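Engineer: Residue numbers (the UniProt record's numbering), protein chains in the order written: chain A, 1 to 52; chain B, 1 to 809.
Quick caveat, the hints were computed from the structure, so don't treat them as lab data.
Some clues are possibly wrong.
Stated by the list, open to error - Far from chain B by the CB rule (all over 10 Å, computed), these chain A residues:
hint	residue
1	G9
2	P14
3	A15
4	G17
5	D18
6	E19
7	E28
8	F29
9	P33
Claimed, not checked - Within a straight-line C-alpha distance of at most 25 Å, the following computed SDA-like cross-link-like pairs (lysine to any residue) qualify:
hint	chain 1	residue 1	chain 2	residue 2
10	B	K612	B	H407
11	B	K774	A	P25
12	B	K593	A	Q22
13	B	K648	B	F770
This structure is a prediction, so every number in the text was calculated from the model and none was measured.
Beta carbons: idealized from backbone N, C-alpha and C, even for Gly.
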Amino acid sequence: MRYICTCCGYTYDPAKGDEMNQVAPGVEFDDLPDSWVCPLCYATKDQFDPLD
Amino acid sequence: MKVSVSSLYQAVELNQEIPPLLIGERCNPNGSKAFREALLAEDWDSCLKMALDQEARGAQVLDLCVAYAGRDELSDMNTLVKLFAGSCKAPLMLDSTSPETLSAVLPLYPGRAIINSINLEDGGANLDKICALAKKYGAAVVALTITEEGMALTCEKKVAAAKEIYRLAVEKHGLRAQDILFDLLTFTVGSGDEKMRDAAIQTLDAIKQVKKELPGVGFTLGVSNISFGLRPAARKVLNSVFLHEAVAAGLNTAIVDAAKVLPYVAISDEDRQLCLDLLFNRSDDALMNFIEHFEQAVEESDEEESDTLLEEQLRQKVLKGDKEGLEDLLTELRGRWQPLDIINGLLVPAMREVGELFGRGELLLPFVLQSAEVMKQSVNLLEPYMEKLSDEGRTSILLATVAGDVHDIGKNLVDIILSNNGYKVHNIGIKVPAEEIIAKAKELQVDVVGLSGLLVKSALLMKENMLQFQAAGLTQPVLLGGAALTPKFVAEDCVPGYENQVVYCADAFAGLKAIRDFESGSLQSTRWESAAVAANKPGPQQEGIDRSQIPPSVPFLGEKIIEDLPAEPLFNYLNQAALFRGRWGYRRGKMSKEEYAELTDKTVLPLYARLKDQALSENWLQPKVAYGYFDCCSEGDSLLVHSTSGEKRFDFPRQPAPPHLCIADYFRSAEEGGDKVGFFVVTIGDRLAEMTSELYASDSYHDYLMLHGLGVELTDGLAEYWHEQMRIEMGLQQQAQADVAAYVAQGYQGSRYGFGYPACPDLEAHLPLFELVKAQQIGVGLTESFEMVPEMSTSAIVVHHPQAKYFAV
Ligand code: B12
Ligand SMILES: [Zn+2]
């Protein structure tokens, strides 16, 4: 499932992963480490909303 | 002893074989909307029908009240008593405190009625008149334990008031003990209010004691008061268990809706235990356990909205943020409660519930603000009817934004939440130096000090403030909040500087919780476990920066001011996701995709459309830009910028870990032939900020947040728009695209870095930047913390290098 950053609008898409945080494609949002932050505005995981 | 009351048709014993005798409460314009409407329309048949309905549902006596603003009580009572007397089998309880009305209708009633009610609120003058009438017509009387001091809350006061009334009624007016039905009053145990936790115990003990000390008297009670504030399904169970206990204590009659009482045997053991734990205050978390357990219980939809009690209606208004009809509702409630009791007993518990819903993610911030507006307006409407809300005993808080910082909204939201939860807040504004905070804290003798700030600089200042507070001898706990603070910083840098508690608050509700902890003596300084996770530092993982990148051609060198920008295009660059979910707080939370889509379509988008229209037609925005292009070259971690006003130096930090990024690396050095750099400062002006202040001042909390959020995102939209213009001017992009989704993900060549953000955290860079682009010409200035004023302004360094993306150091 995709998640959106409520602070800046960045979308985390598991199909794409997150290069800026060195996250390979295929990782579900829930499986990202707690230390993961938005690659654009550094918001923490709890500031994300489910998109789908 | 047999005591009965009677109608034309029958006598009914007050002491039923299976107590209690049930008194129907619906024929009351203050408690039933249907009855009120019938009364106002003088639809007497409908009034009668409601009386007969209650009989059918088990009421053995019927309360009749017609006191309502704008109606002639005497004449309405006259009409209805005659009508009811001929048609109802159940004896009547004449619900009036007017001796005139009672003396007119008592002679009309062909039976033995009950008068509801007497009390000592006025010291006894009314009581004297009504007792004389009761004696003359042989009526029974309900006596409420209200004295000049107000409603009796404790057992001791209830008993004392009962004895005094007994003395007057029996010894002075010659009534018999059995003619009196004491209503010893009860209050909700559902509010979470510490002081009211033993409300049930006080009432039950008082019944037992009065029964012992004043033999022969009877009792009645508005049983459902015990559960105000709880959910209907839960209330029904709690009311029934309480009724059972009250009857065991000696209650012989009860004012309830007969259809809404469960037989005791029908209540499961588990349910009973939870109710008893709550009623008898057997543990600290009895209320939480009770609420959690009944959370699951199926809500029965009330047969008709009108059936809900007035008190419940007020709770609903707060929960729903609905101000319609508030004034009428409060006028009615004032007939039952003292204004202060409405505030402390009904409004504050409802706001507490709002906070809990927000905490569980079941209520969104915009709705919380609407609830706070209902609270605020209610208090305003009640204030004329009470002595000024006394500050004595209320916890007081001083709020300020620290020196050099003009950020208002975070602190104001805290003010809104705290003051509408019943606390006394002294909000002394923005840019407040430590000396002034200290002086005010001493002068006002506040219990707690709260500091707010937007910037990292403000966080550092808070650290200094702690030392100053300590040196000045302040002893109040200090709450700290604001975007740039972290619990780690507070624990490691602020806590050590001050002897008393220093507490990090992530949001206004964390502040509310801290105040409650303070009141209960459990407030503790923020602690930080260093073992906790360190946040990631995202950034592009490039191997090396391509040094062969040719600088773009720029349209001019030096600075330029743009003042006549149209406002409309800004909306095309506005980041709706950030506005709706972030700034406005319309998060999806626990909603399903469909529910969220509905919220967006029905509430959020229409609001956005309305504000956009107004912003454009009423000229809320004055977008202005100061920008420029300059020759430059990198030198190590710095960028040297050449301009007619001299060379300016910008120092940038370098990532300590691979890939060791630093903004300076995106520019060629002098040896490599130098480079070009852009800068801008943009603002939407101060009109919107002024309007938001006005909204705040007029208690329009919801609109305040909405407008502020809109302004903030338009500022960012303007930056996005201008960055695109500059890319077009430099030939990095062909034409305007206004593709917000792509721009969020930096889907363009180059990057704009705002000073203060992690790749270039030093806000002091605003000094050379302002000299370069002459931002003062568009009315933007700097505070001593290098914050821009008007607040809805933003700045950036514009980098053209294709590898330049956001990163954190
Ligand atoms: C919206 C925003 C903007 C807007 C509006 C700014 C404004 N004045 O409101 C715009 C786009 C204009 C902007 C510009 C800038 N911003 Co900005 N911005 C933000 C953002 C995303 C949200 C701030 C906000 O309005 N929040 C809403 C309010 C209601 O929340 P709040 O103030 O935090 O208050 C809540 C809590 O903190 C708490 N609280 C606050 N105070 C207190 C006090 C007590 C006692 C208690 C109990 C609780 C409490 O309760 C409040 C309500 O729940 C933050 C990042 C973030 N996520 O917070 C960055 C942020 C504040 N911005 C930042 C920066 C760098 C800037 C700029 C300098 C960028 C630039 N170079 O242009 C400029 C400076 C603007 C200026 N005037 O000088 C940095 C500041 C870091 C620093 N170096 O100081 C932040 C922290 C982003 C970041 N992660 O780096 N920004
Ligand atoms: Zn983000």
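Engineer: Compare the structure with each hint and give your call.
Structural biologist: Against the structure, the hints come out as follows:
1. G9: Violated: least Cβ distance 4 Å, not greater than 10 Å.
2. P14: It holds; A:P14 is separated from chain B by about 16 Å at its closest Cβ, greater than 10 Å.
3. A15: holds (14 Å)
4. G17: holds (12 Å)
5. D18: violated (8 Å)
6. E19: Check fails; 7 Å does not lie beyond 10 Å.
7. E28: For A:E28, whose nearest Cβ neighbour in chain B is about 17 Å away, the distance exceeds 10 Å, so it holds.
8. F29: Given a closest Cβ separation of 13 Å, the condition holds.
9. P33: For A:P33, whose nearest Cβ neighbour in chain B is about 7 Å away, the distance does not exceed 10 Å, so it is violated.
10. B:K612 to B:H407: holds (24 Å)
11. B:K774 to A:P25: Distance of about 46 Å is beyond 25 Å: violated.
12. B:K593 to A:Q22: Roughly 29 Å separates the two Cα atoms, so the pair is violated.
13. B:K648 to B:F770: holds (11 Å)
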